[in-house]
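So the sequence lines, in the order shown, correspond to chains A and B. My numbering numbers the first residue of the first sequence as 363 and each following residue consecutively. My numbering numbers the first residue of the second sequence as 10 and each following residue consecutively.
If you're looking for bench data, these hints aren't it; they were derived computationally from the structure. We treat Cβ as the ideally placed atom computed from N, Cα and C, and that holds for glycine. Treat the hints with care, since some could be wrong.
Stated by the list, open to error - Coverage of chain B stretches by chain A, computed from C-beta distances (three or more under 8 Å per stretch; other residues unrestricted):
1. 38-51
2. 110-122
To be verified - Partial chain B-side listing against chain A, Cβ under 7 Å, derived:
3. Leu54
4. Tyr57
5. Phe99
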Amino acid sequence: AQSVTQLDSQVPVFEEAPVELRCNYSSSVSVYLFWYVQYPNQGLQLLLKYLSGSTLVESINGFEAEFNKSQTSFHLRKPSVHISDTAEYFCAVSDGASKIIFGSGTRLSIRP
Amino acid sequence: NAGVTQTPKFRILKIGQSMTLQCTQDMNHNYMYWYRQDPGMGLKLIYYSVGAGITDKGEVPNGYNVSRSTTEDFPLRLELAAPSQTSVYFCASSYEGPTYEQYFGPGTRLTVT
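Chain B on its own, in the form it takes in the complex:
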C-alpha cells in the first residue's frame, strides 16, 4: 500500500492564481481530512469528509473548496490565492471516526507571493 499520497510536494503561486492540491489514499478509508500547518500554530482543520459525496467545513475553510467523488480521492481547491494561504498542507485519512488512527500524507509546501 502506498498509504496517503499528495501532489505536488512544492508549489509557488502568484497572488490571484488558483490550484488544486491532490490527495489519494489506497486504504479504503471513509474519513479524509485536509489540514494546514503554520509555524507554532499546530494543525488547523480546513475541510473533512466522512464518505464519498459528503464534505463539511473545519476550523479554517475560507478560501478553499473540496469535493469527494470517490472514496480514494479528496482534492483541495484554492481559488484566488492569497499570501495568507502560504503554509504546509497535509491530507489525512482514517478508517472510521477520529478515534481511529489518522494516516498522514507527506505534505505540500505552498508559497503565495
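Chain A extracted, bound-state conformation:
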C-alpha cells in the first residue's frame, strides 16, 4: 500500500523569501510522484511530476522538486515566492496502476 505525508499543514512566508514544502511517501513498488496546486475556490491543477529520469523536476512558474529515493521524499521548493503563489499544495503518489493517493495538503500563505 502507498501513503503520502505532508509534514506541514500551513507554511507562512514573506514575499520574495524561499520556501520548502515537505512531502514523504511510502510504497513497496516503484512510484510516480506529483505536486498539485489548488488556488482558492478552484479545482486542483498539476504543478509538476516525477515519472523517471532526472530526479530534479521543474514547473513553468519557478517551483522545483527533487525525488530522493533513499529518504523517500519529494519536497517542493521555490527560491523566491510571490503573492500569487498563495494556494494549497498537494503531494501525491501513484504506483502507475489506476489511482493516485493524495496527501492532506499544505496551505502556503504569503505575507507582503
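Since the structure of chain A is provided, determine the placement of chain B on it from the hints.
Here is chain B on its own, set in the frame of chain A:
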C-alpha cells in the same frame, strides 16, 4: 474545450434525501475519478472508472454509487444523504492511467443538514 464541468456548484440537502452530482468531460479521456475534500484531510477517492461500463471503488465508497454509460459522463449518486457527506466533491479525468495529468472540475459544495 470546456474541460471537466460539474453541476451543481452548490447544494443543500436534508438528511435522507438523494441527489446526483453531474460530471462531464470533453477531452475523450478514458479515466474518470470522484474525490471528496474535507478540511485538513486532502482528497479521498470515492470511485473511479477506466472506461465506459467499468467502475471500481476507491477509499471511501460507502453511501455513493456511480455509473459510466458514456466516455464523457460520470455521475455520482448519493442515496439517503447523511451529515457525514457534507464536503466538496471534485470530479477529475485523465487520458490513460494516473501517470497522466488529472484534470479537475471546479467542484460541488454539498451541505447535508
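Verification of the hints:
1. 38-51: Three-residue rule met by the segment 38-51 of chain B, so holds; n is 6.
2. 110-122: holds (count 6)
3. Leu54: Interface hint status for Leu54 (chain B): holds (6 Å vs cutoff 7 Å).
4. Tyr57: Hint on Tyr57 (chain B): holds, closest Cβ of chain A at ~6 Å, below 7 Å.
5. Phe99: holds, 6 Å
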